[in-house]
Amino acid sequence: MHIVVCVKHVVDSTEIHVDKKTNELVLRGLSTKINDYDKNAVEEAVKLKKELGATVSLISIGPRDAVKTLKEAVAMGADQAYLLQVSPRQQLDTAQVSLILSKMVEKLEPVDLILCGEVSEDGYNSQTGARLAARLGLPEVSYVTSLTAAEGSFEAVSTLEDTAETVKGATPALLTVSSAINVPRLPTAIQIMKVRSDRIKQWKLKDLGLEDSALETPSVTMLGYEIPEQERKNIMIEGTPAEAAKTLVKYLEEEKVMN
Amino acid sequence: MGAYKVLIYAAAEETAGRLAALAAPLAEGSIVYLKAGSAFPEQEAEAVKAAAAAAGATVLIAPASRKGNEVMARASQLLDTGCVTEALSLAAADGKLTAKRAIYGGIAVGNFAFETETAVLTVALSALAGVETAGAYEAAASPAAAPPPAKELVKTEPLAKTVDLTKAKRIVSFGRGVAKKEDISAVEALAAKLGAEIGCSRPIAEELKWLPQEHQVGITGALVKPDLYIALGISGAIQHFAGMKDSKIIVAVNNNKKAPIFQFADYGIVGDLYEVLPALEEAIGG
Ligand SMILES: Cc1cc2nc3c(=O)[nH]c(=O)nc-3n(C[C@H](O)[C@H](O)[C@H](O)COP(=O)(O)OP(=O)(O)OC[C@H]3O[C@@H](n4cnc5c(N)ncnc54)[C@H](O)[C@@H]3O)c2cc1C
Numbered sequence: 001m002h003i004v005v006c007v008k009h010v011v012d013s014t015e016i017h018v019d020k021k022t023n024e025l026v027l028r029g030l031s032t033k034i035n036d037y038d039k040n041a042v043e044e045a046v047k048l049k050k051e052l053g054a055t056v057s058l059i060s061i062g063p064r065d066a067v068k069t070l071k072e073a074v075a076m077g078a079d080q081a082y083l084l085q086v087s088p089r090q091q092l093d094t095a096q097v098s099l100i101l102s103k104m105v106e107k108l109e110p111v112d113l114i115l116c117g118e119v120s121e122d123g124y125n126s127q128t129g130a131r132l133a134a135r136l137g138l139p140e141v142s143y144v145t146s147l148t149a150a151e152g153s154f155e156a157v158s159t160l161e162d163t164a165e166t167v168k169g170a171t172p173a174l175l176t177v178s179s180a181i182n183v184p185r186l187p188t189a190i191q192i193m194k195v196r197s198d199r200i201k202q203w204k205l206k207d208l209g210l211e212d213s214a215l216e217t218p219s220v221t222m223l224g225y226e227i228p229e230q231e232r233k234n235i236m237i238e239g240t241p242a243e244a245a246k247t248l249v250k251y252l253e254e255e256k257v258m259n
Numbered sequence: 001m002g003a004y005k006v007l008i009y010a011a012a013e014e015t016a017g018r019l020a021a022l023a024a025p026l027a028e029g030s031i032v033y034l035k036a037g038s039a040f041p042e043q044e045a046e047a048v049k050a051a052a053a054a055a056g057a058t059v060l061i062a063p064a065s066r067k068g069n070e071v072m073a074r075a076s077q078l079l080d081t082g083c084v085t086e087a088l089s090l091a092a093a094d095g096k097l098t099a100k101r102a103i104y105g106g107i108a109v110g111n112f113a114f115e116t117e118t119a120v121l122t123v124a125l126s127a128l129a130g131v132e133t134a135g136a137y138e139a140a141a142s143p144a145a146a147p148p149p150a151k152e153l154v155k156t157e158p159l160a161k162t163v164d165l166t167k168a169k170r171i172v173s174f175g176r177g178v179a180k181k182e183d184i185s186a187v188e189a190l191a192a193k194l195g196a197e198i199g200c201s202r203p204i205a206e207e208l209k210w211l212p213q214e215h216q217v218g219i220t221g222a223l224v225k226p227d228l229y230i231a232l233g234i235s236g237a238i239q240h241f242a243g244m245k246d247s248k249i250i251v252a253v254n255n256n257k258k259a260p261i262f263q264f265a266d267y268g269i270v271g272d273l274y275e276v277l278p279a280l281e282e283a284i285g286g
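Taken in order, these protein sequences are the chains called E and Z. Residue 1 is where the first sequence starts when you use our numbering, and the numbers rise one by one after that. Residue 1 is where the second sequence starts when you use our numbering, and the numbers rise one by one after that.
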């Protein structure tokens with residue numbers, strides 16, 4: 001069984017903040033890491049590897065720095081990783097990303113299962129998995145919170161807003177996983193360091209039979225962004241805990257939110 | 001009147017009405033409604049594609065439910081067109097359709113332009129809730145069913161939820177500032193006095209597993225909008241904020257006066273929650 005996991009290298013979304021002077025997002029100089037939800041996908045693949053003796057390949061599109069993310073994910077137990085390197089400033093939309101990923105998957109065939117995180121913590125588009133499945137003509141199950149697989153088949157629970165659907169299917173198939181599916185293992189710094197560079201292979205667009213124009217024609221572009229106004233009262237209540245508590249209750253009664 | 005032929009894809013007619021009201025200013029001629037079926041997303045996406053072709057639609061809109069996002073993302077790929085999920089609003093500018101959506105977990109709102117002739121969108125459920133249901137539409141001719149994918153639905157079960165925070169009027173929520181699982185009882189006591197539900201930050205549910213997932217507030221948890229949200233020992237990470245920013249009144253108790261949560265709060269108390277909690281319970285009386 002060959003499992004391919006899509007891994008995104010992202011800026012740590014917990015560090016993004018607004019520069020109060022310019023009212024702009026501070027995105028530079030932040031640490032970068034593996035997309036949180038992709039860790040769950042890697043973990044699930046590694047579990048299946050242990051259970052079924054599967055081979056796990058990681059694929060990613062990103063800047064040179066993404067090697068770091070892939071090393072971390074290989075250290076979790078994957079066999080090898082493939083990086084399509086792009087400039088750090090390169091913006092790609094979900095149509096472009098899924099095109100490149102589909103060519104990477106085709107190059108790695110035969111592939112039985114493709115796992116993606118349900119969403120990425122930077123873009124939050126929730127599209128790449130579904131688009132990739134459509135491009136490859138594969139069935140998909142999204143928002144997977146539990147998975148079992150055997151040679152040729154899988155069974156997955158997809159958790160939606162109010163229901164959980166259990167779906168059985170034949171491989172090849174693509175699944176997107178939710179963070180509730182598992183608790184990803186944390187590789188140690190030594191394990192990450194020990195991952196040899198030759199386990200991470202670099203591909204160019206032409207290796208995938210794609211032209212540079214694949215990066216040039218987005219279907220959606222961001223024109224700009226705004227920082228939503230925070231209309232909060234920001235009243236800090238002073239005093240001992242007992243005094244502060246009394247003052248707060250008085251305010252909340254005035255606001256008519258106590259009952 | 002606008003310049004786009006609009007197709008709506010939704011299960012409930014009420015939702016279709018809201019989507020139609022939202023799209024009306026952009027629509028040319030009547031808006032077409034394809035009722036979402038219960039087939040697999042692969043088949044539903046084919047149905048959306050076929051219905052769009054039959055109607056000549058260039059703007060396709062659905063609610064941003066999990067199924068809605070999945071079907072529309074797949075349909076946009078089948079149509080080889082741009083897609084914006086979780087849109088908050090849409091407009092037309094300089095001959096292009098544009099849509100706003102939250103980026104980076106909600107810290108900012110991005111404005112996106114479609115570069116493709118056809119635009120596929122899902123609208124955030126929070127944005128839809130505020131729209132009137134009276135938008136007018138016509139039923140689309142139902143397309144021929146696409147062949148089923150190589151899978152079968154074994155069963156569908158309702159989620160056993162002990163609480164639905166999205167409907168709560170008051171929420172007392174706590175984070176890592178609560179040091180021990182036993183201490184949750186003090187939070188529960190305050191919640192009981194206020195007639196509030198209990199919420200929590202992600203580490204409490206996902207890492208410590210002190211509470212089931214449905215208590216988690218945030219981008220990977222519940223998006224709540226109570227009259228009163230009390231955050232105890234929660235730092236106020238953007239991913240948490242994204243889930244509670246629509247609360248009417250936000251109270252924060254935190255022993256670090258620099259905690260980001262205070263920027264999002266109406267009322268803040270800098271102090272040890274272990275001292276403030278009993279004081280609050282006492283002050284509420286009754
Ligand atoms: C992709 C992604 C998705 C995420 N989704 C969510 C989500 O849905 N919901 C969510 O909540 N988080 C989410 N997070 C995590 C989020 O970034 C924060 O890590 C998390 O919210 C922090 O939880 P916390 O505030 O409880 O803990 P901490 O950040 O550790 O904060 C604890 C706070 O308690 C205060 N404190 C400590 N002791 C006391 C005391 N005795 N009295 C008073 N105050 C005290 C501290 O000053 C501190 O501010 C997500 C992260 C990622 C990357």
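These are calculated hints, taken from the structure and not from any lab test. In this text, all values refer to a predicted model and were calculated from it rather than measured experimentally. Mixed in with the good hints there might be a few duds.
[Claimed, not checked] To spell it out: a stretch of chain E is covered by chain Z in this simulated footprint if at least three of its residues, at any positions, have a beta carbon under 8 Å from a beta carbon of chain Z; those stretches are:
1) 9-23
2) 49-60
3) 87-93
4) 158-165
5) 213-226
[Claimed, not checked] DSS-like mimics (lysine-lysine), calculated; alpha carbons at most 30 Å apart, straight line:
6) Z/167 - Z/96
7) Z/181 - Z/225
8) Z/151 - E/50
9) Z/248 - E/256
10) E/168 - Z/180
11) E/20 - Z/151
12) Z/257 - Z/181
13) E/233 - Z/167
14) Z/209 - E/250
15) Z/5 - Z/49
16) E/233 - Z/257
17) Z/180 - E/246
18) Z/181 - Z/167
19) Z/151 - Z/193
20) Z/257 - Z/193
21) Z/225 - E/20
22) Z/258 - E/33
23) Z/151 - E/256
24) E/246 - Z/169
25) Z/161 - Z/96
26) E/233 - E/33
27) Z/49 - E/107
Cβ atoms here follow ideal geometry from the backbone N, Cα and C, with glycine treated the same way.
*Indices of hints not satisfied (ascending)*: As far as the earlier hints go, 2, 3, 6, 10, 11, 14, 19, 23, 25 and 26 are violated by this structure, in ascending order.
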